[in-house]
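Participant: Listed below are the residues making up each chain.
2 protein chains.
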Amino acid sequence: MARIHDPISALDPFFNPGSIAVIGASENYAKPGGRPVSALMSKGYKGKIYPVNPSHEYIHGLKCYPSILDVPGEVDLAVVSVVADKVHRTLEECAAKGVKAAVVFSSGFAEVGDEGLEKQRRLSELAGKTGLRILGPNCLGLVNTTNGVMASFAFIVDLPAVEDKVLGFVTQSGAFGAIIYASSLHKGVGFNYFISVGNEADLEFADFLDYMVHDEKTKLMGGYLEGARDGGKLRRVAEEAIEKGKPILILKVGRTSAGSRAAASHTGSLAGSDRIYDAFFKQTGIIRIDDYTELIAFTPLFQAGKLPRGRNTAIIATSGGAGVTMADLCESLGLNVIPLREETRDRMDRVLPPFASSRNPVDLTAAFMTRPEIVVDCLKAVCGDPEVDIVICNVNFPYTAPGDPIIREFIDTCMSTDKFVLFTPFVFPGTDMDPAALEIKRAGVPTNPDTMSAIKAVCNLARYSETLKRKKNPEYRVQPPKRPKPDLGGMLKPGEALSESAAKAVLAKYGIPVTREALAASADEAVNQARKIGYPVVLKVDSPDIAHKTEAGALKLNLKDDGEVREAFDEIMANARAYKPEARINGVSVQEMLPEGTEVIIGVTRDPVFGPVIMFGLGGIFVEVLKDVSFRVAPVSPGDARDMVREIKGYAMLEGVRGKPPADVEAIADVILKVSDLVTDYRDSIEELDINPLVVYPAGVKAADALLVVRR
Amino acid sequence: MARIHDPISALDPFFNPGSIAVIGASENYAKPGGRPVSALMSKGYKGKIYPVNPSHEYIHGLKCYPSILDVPGEVDLAVVSVVADKVHRTLEECAAKGVKAAVVFSSGFAEVGDEGLEKQRRLSELAGKTGLRILGPNCLGLVNTTNGVMASFAFIVDLPAVEDKVLGFVTQSGAFGAIIYASSLHKGVGFNYFISVGNEADLEFADFLDYMVHDEKTKLMGGYLEGARDGGKLRRVAEEAIEKGKPILILKVGRTSAGSRAAASHTGSLAGSDRIYDAFFKQTGIIRIDDYTELIAFTPLFQAGKLPRGRNTAIIATSGGAGVTMADLCESLGLNVIPLREETRDRMDRVLPPFASSRNPVDLTAAFMTRPEIVVDCLKAVCGDPEVDIVICNVNFPYTAPGDPIIREFIDTCMSTDKFVLFTPFVFPGTDMDPAALEIKRAGVPTNPDTMSAIKAVCNLARYSETLKRKKNPEYRVQPPKRPKPDLGGMLKPGEALSESAAKAVLAKYGIPVTREALAASADEAVNQARKIGYPVVLKVDSPDIAHKTEAGALKLNLKDDGEVREAFDEIMANARAYKPEARINGVSVQEMLPEGTEVIIGVTRDPVFGPVIMFGLGGIFVEVLKDVSFRVAPVSPGDARDMVREIKGYAMLEGVRGKPPADVEAIADVILKVSDLVTDYRDSIEELDINPLVVYPAGVKAADALLVVRR
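In the order they appear, the protein sequences are chains A and B.
If you're matching positions, the first sequence starts at 1 in our numbering and goes up one per residue.
If you're matching positions, the second sequence starts at 1 in our numbering and goes up one per residue.
Honestly, the hints are just simulated from the structure, not real lab data.
Worth double-checking, as some hints may not be accurate.
Since the list gives no way to pick out one identical chain from another, each pair is judged satisfied if it fits inside one copy or across any two copies.
Result set (SDA-like, lysine to any residue): computed pairs, CA atoms no more than 25 Å apart in a straight line [stated by the list, open to error]:
no., residue 1, residue 2
1, Lys48, Asp158
2, Lys217, Ser183
3, Lys43, Lys509
4, Lys649, Phe428
5, Lys660, Tyr579
6, Lys129, Tyr29
7, Lys119, Ala366
8, Lys31, Met369
9, Lys560, Asp487
10, Lys244, Ser183
11, Lys119, His60
12, Lys660, Gly553
13, Lys119, Asp349
14, Lys31, Ser357
15, Lys86, Pro353
16, Lys649, Ile287
17, Lys649, Ser273
18, Lys660, Glu551
Because the structure is a prediction, the values reported are computed rather than measured.
Using the sequences and the accompanying hints, generate a full structural model.
Facilitator: Listed below in structure tokens is the structure:
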């Protein structure tokens with residue numbers, strides 16, 4: 001039964017239930033079932049609370065019911081804390097009672113092996129059949145700090161609240177997620193929602209992101225992810241988040257655990273799943289973070305409401321050493337510490353002492369202490385430089401009282417400029433910000449005394465700003481296929497590796513240029529075909545069973561006349577039969593001999609999470625030795641196809657080196673888009689595809705060889 | 001006048017003066033001259049203190065002298081805080097008085113332009129003439145926290161002391177250095193010495209490192225470096241620090257500021273100075289850090305007294321999420337999170353609950369809370385695994401009292417194993433370590449609750465441990481040249497770019513294999529030479545003025561007989577004359593035509609700090625497009641020469657790809673060593689050298705072309 005996509009009404013019973021039953025409720029705070037009732041009460045949940053437990057009459061002064069079926073009123077949300085064996089039965093009762101949503105703390109499911117897996121499968125089935133939505137099992141549950149819904153047994157339910165919560169957080173690790181929650185809170189950054197998804201028997205990570213994307217109370221989202229269930233769903237959610245201007249920051253772990261997979265094609269062997277996640281995040285605009293502290297630093301800067309227009313950065317520091325250290329960090333993260341304009345430097349030189357420096361990073365020296373006006377003068381000068389997008393102000397006002405006009409002027413300058421100004425005051429270790437700095441922070445200037453974290457956050461903001469711009473560009477929308485879905489008839493036989501000519505025939509149906517070629521069953525036929533195609537020609541065995549033609553001696557290049565063709569035909573047939581006597585041989589393919597060009601590879605592999613993934617790389621050693629390739633999840637937009645070509649390290653090879661003319665990058669991107677159409681049309685049929693090499697010319701491209709494996 | 005190298009006696013008057021004069025002393029604490037006297041008194045300096053200032057009779061109760069010459073006793077150290085114009089005169093008086101060392105706070109020297117530069121030059125001259133050693137000018141001075149020598153006006157003289165100070169710190173940025181000092185102290189890590197070197201008119205950064213390497217109170221050194229004065233001196237100091245087992249950690253800034261230099265050779269254009277620093281640090285075993293927090297985290301772990309034997313790491317965590325996040329960080333830093341042995345896992349599985357995991361990272365789950373013995377059992381199991389070198393224990397004992405036998409057992413296990421065990425307890429944000437964790441820390445177990453910083457520090461320790469092993473290997477000692485210094489007679493004419501044949505003749509003198517070749521002045525002579533060398537041959541114009549022979553049409557390959565040689569000779573001469581009518585043409589070089597091999601480049605460029613620097617890379621696109629090259633400062637050891645070859649990304653190309661046999665890496669390393677001998681022998685003569693290409697075969701190498709530019 002397909003559900004209509006309405007994430008809010010589907011998941012609202014979790015976030016805004018009118019009533020909550022706690023099944024397996026207890027007064028013992030050491031037990032998971034002992035926490036929600038008291039937490040719901042102490043955090044001011046306004047709805048009805050129904051403890052359920054056959055062994056108690058009252059819990060925390062509330063009447064307790066023997067079973068959910070005995071509860072008198074309607075129940076929106078059930079919190080289930082019973083042993084694994086009783087969970088299915090309990091959820092059946094919930095469904096019978098008309099409960100809409102259930103949080104299942106109980107462990108003993110997929111995490112303990114086959115028996116638990118079967119139990120979990122039955123929960124998934126129950127959810128599908130009854131419409132009861134399940135969070136968990138084996139999770140810490142869910143917390144909504146805006147309305148006191150404490151459907152969790154994590155220690156976080158005991159933590160105090162903070163104001164202005166707009167950050168929603170979803171995690172695949174309960175315990176680590178709770179640590180992130182606590183650390184964030186300690187830095188003054190609170191979550192509005194915290195969801196620990198556990199084993200994802202029904203609802204998954206992306207479903208909760210989806211809710212938050214559509215939820216008005218959430219302005220940005222964080223997540224801890226070990227692996228997505230449904231890459232397509234996560235992609236749709238990410239696209240909608242971009243539409244709504246809500247950043248998603250994900251700490252995706254397992255960068256290094258992806259083992260290499262055995263695969264016939266280059267593409268298959270190069271696609272470690274973490275590289276595909278990287279490509280996916282880039283493609284969808286999800287901000288990948290390496291450390292949760294990046295999320296904590298990003299949030300208040302994003303809430304300040306201004307995005308950097310670009311990456312050009314000016315630094316104002318009170319010490320040369322601090323300035324150059326910041327400049328190094330900026331550059332290593334991809335911010336450009338640009339030379340400032342002559343006028344900008346002149347304006348600063350007029351107020352700076354002679355031993356200070358107006359070069360970027362600007363070094364005010366200790367003069368700022370006694371003459372705070374030079375801080376403001378230099379900030380104004382830098383904000384007036386049209387090439388600057390970001391200003392990093394590592395300054396402070398140690399001897400200036402809050403309320404002093406100079407502080408007001410500093411604030412006004414920060415707030416009125418179109419630059420993104422980061423205020424990162426020096427704070428003596430172990431102390432708080434000084435009163436003037438606190439005033440600046442309270443006025444809404446993006447402030448963080450931890451300079452290194454703050455710069456990382458600014459860089460993430462700049463990346464997000466670029467993503468928004470890119471996604472507004474129609475070039476980055478996936479286009480409908482340029483032709484009606486070609487009928488590939490019986491060409492894609494399940495489980496088959498297609499012969500080269502069959503694979504090229506499939507490509508040709510999609511308008512991808514392939515070598516002129518024809519199959520010949522005899523030497524005479526080969527000569528006839530060679531004359532039609534025009535000399536010189538190439539002869540290759542055509543067999544689904546011989547992948548390595550050179551090794552088999554079944555490939556002859558640059559044949560210049562009838563005699564050479566005749567001789568090559570006989571030799572190839574003999575070599576092929578000797579190489580693999582049981583091979584099915586369709587004949588010998590006669591092909592035009594391509595002039596020299598730049599060789600590239602375009603390939604496709606199937607990822608268990610993301611489906612067909614397209615790879616691009618330069619041929620030969622670039623792929624084999626340097627693994628210099630780019631990936632995108634299909635379908636791709638024209639912009640992404642071009643980015644794939646440009647982002648490899650060896651791109652300069654295509655721009656023309658050593659006197660070669662530039663290669664036709666547009667034609668490469670066009671083939672990537674056609675391959676994207678092919679694998680989207682025949683998503684369930686294509687296991688692997690390699691166009692290797694695709695020969696690229698100053699104008700145009702041609703596929704010289706191809707490999708296509710059909711799914712079983 | 002050459003000084004005998006005795007860093008202790010040369011600099012001891014700075015660190016351990018028997019008496020100190022403060023020239024320009026004041027009672028006004030806001031003035032630089034106002035701080036040292038009171039700081040010396042309050043920090044318990046035991047020697048004599050002589051304030052000098054003609055306008056005072058007493059300062060802080062001490063008799064004040066009109067000039068240094070009026071001081072009655074001997075003065076070891078003078079602290080000079082007078083205006084720039086008076087500094088030279090004051091130092092002359094100091095020298096006359098027999099003062100041994102002077103710290104000059106005063107600014108107004110090189111940092112303010114040409115006039116100041118001249119003043120500074122005169123100070124350098126004075127130091128050289130009189131033997132008075134100078135720290136500064138324009139510096140914050142020097143602090144010795146072990147004996148109260150507060151020869152500084154930085155705020156750090158007011159900070160409280162910590163015990164067990166063994167970390168010496170030298171900085172090229174005063175203000176930023178002081179921040180590092182304060183931050184470090186806040187984390188409980190104190191410096192024994194703090195030296196702000198200022199403008200380095202006399203003594204430089206490396207001199208103070210040198211002192212600390214030879215000083216018994218210092219066990220490790222940190223530094224903030226913008227640029228070294230004398231690379232050779234820093235290299236010698238680094239080598240001695242390795243000998244003595246004292247790590248040097250340097251925050252070198254300016255990673256990105258090095259502009260590309262205009263140079264005729266590939267080597268010259270690829271050598272950005274920061275890449276050379278990187279190579280230099282690798283070569284000398286200096287640990288380069290990106291953030292001063294790395295120094296702070298490293299110090300206590302190093303002081304614990306154990307080094308990791310290798311990089312194989314096991315992680316024990318109490319949450320799967322935390323474990324995998326740590327594993328990602330470890331792998332990204334170069335630690336190997338290895339699969340544990342079957343027996344190791346079995347031992348753990350016997351005590352762990354079924355939902356826990358004995359896979360590395362080991363996930364104890366929440367079971368550790370109530371059963372702390374499983375922490376110890378798992379630690380013992382992992383310590384018993386012979387392949388593990390490092391154990392990262394992200395555990396804690398929330399419900400265990402200090403003194404509990406389980407804590408004792410945990411400590412004993414950590415202390416008695418030969419593994420490096422890092423204890424990194426979880427600490428609730430904003431709180432302190434729990435009592436059991438504090439007990440573990442106090443017992444001497446390397447402890448740091450900031451897991452991410454601690455792991456970085458462990459990685460730096462592992463790198464240091466490898467460096468010590470490497471440096472003990474005689475292969476990593478620079479060998480004396482294999483042959484007596486060849487006499488290059490008049491071959492190296494100042495300012496000349498040598499012709500190819502002249503450059504190759506120089507290489508041949510050092511035993512570097514070059515193509516058989518001979519110069520021909522006429523077509524007949526070319527034919528004669530070609531017959532002697534053997535067909536096929538190559539003809540090239542030989543001219544110091546034509547660098548790009550292909551472009552000039554002055555290079556003909558694969559000439560097979562007399563006729564082809566005759567024709568090529570005439571064509572080359574005509575083309576060369578047309579290309580550059582004013583070029584000096586020595587004739588045409590007739591060379592053996594080399595069979596195909598792998599092309600590499602070995603080059604030399606001069607660095608203003610480090611002198612001759614050797615570069616290695618694969619030929620063609622690897623250098624031009626990918627900039628995939630390695631550097632070492634000359635002279636190099638055999639081990640470094642091999643590392644240069646192995647560390648490039650394209651090394652696999654030399655191991656044999658696509659059916660090619662492996663290339664002769666030893667022969668490449670041998671050429672690197674011979675080039676190292678050449679540029680060491682003729683250090684002052686060689687400006688640039690490129691052997692491009694050096695053709696490498698399965699056995700042997702041959703230089704096919706060479707460029708050598710002689711210094712002016």
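Participant: My question is about Lys119 and His60: at a cut-off of 25 Å on alpha-carbon distance, are they close within one copy, between copies, both, or neither?
Facilitator: neither (32 Å within a copy, 82 Å between copies)
Participant: Indicate which option fits the pair Lys660, Gly553 if close means a Cα-Cα distance not exceeding 25 Å: within, between, both or neither.
Facilitator: So Lys660 and Gly553 pass the 25 Å test across copies only (17 Å; inside, 32 Å).
Participant: Up to 25 Å between alpha-carbons, please classify Lys660 paired with Tyr579: within, between, both or neither.
Facilitator: between (39 Å within a copy, 21 Å between copies)
Participant: One pair to classify: Lys244 and Ser183, alpha carbons no more than 25 Å apart. Within, between, both, or neither?
Facilitator: neither (28 Å within a copy, 42 Å between copies)
Participant: For Lys660 vs Glu551, is the C-alpha pair at or below 25 Å within one copy, between two copies, both, or neither?
Facilitator: Classified as between: cross-chain Cα gap 14 Å, same-chain 31 Å, threshold 25 Å.
Participant: Tell me, please, which holds for Lys649 and Ser273 at an alpha-carbon limit of 25 Å: within, between, both or neither?
Facilitator: both (20 Å within a copy, 22 Å between copies)
Participant: What label fits Lys649 with Ile287 when the C-alpha limit is 25 Å: within, between, both, or neither?
Facilitator: within (22 Å within a copy, 28 Å between copies)
Participant: Could you place Lys119 and Ala366 in one of the four classes (within, between, both, neither) given a Cα distance threshold of 25 Å?
Facilitator: Intra 68 Å, inter 23 Å, cutoff 25 Å: inter-copy only.
Participant: Within a copy, between copies, both or neither: where do Lys31 and Met369 come within 25 Å Cα-Cα?
Facilitator: between (56 Å within a copy, 14 Å between copies)
Participant: I want to check one pair: Lys43 and Lys509. Are their C-alpha atoms no more than 25 Å apart within a copy, between two copies, both, or neither?
Facilitator: neither (64 Å within a copy, 86 Å between copies)
Participant: Checking Lys48 and Asp158: alpha-carbon separation at most 25 Å within a copy, between copies, both or neither?
Facilitator: For Lys48 and Asp158, the Cα distance is within 25 Å only inside one copy (20 Å; across copies 60 Å).
Participant: Pop the pair Lys560 and Asp487 into one bin, within, between, both or neither, using alpha-carbon distances up to 25 Å.
Facilitator: neither (37 Å within a copy, 57 Å between copies)
When held up to the earlier numbered hints, the structure conflicts with 3, 4, 6, 9, 10 and 11 and fits the remainder.
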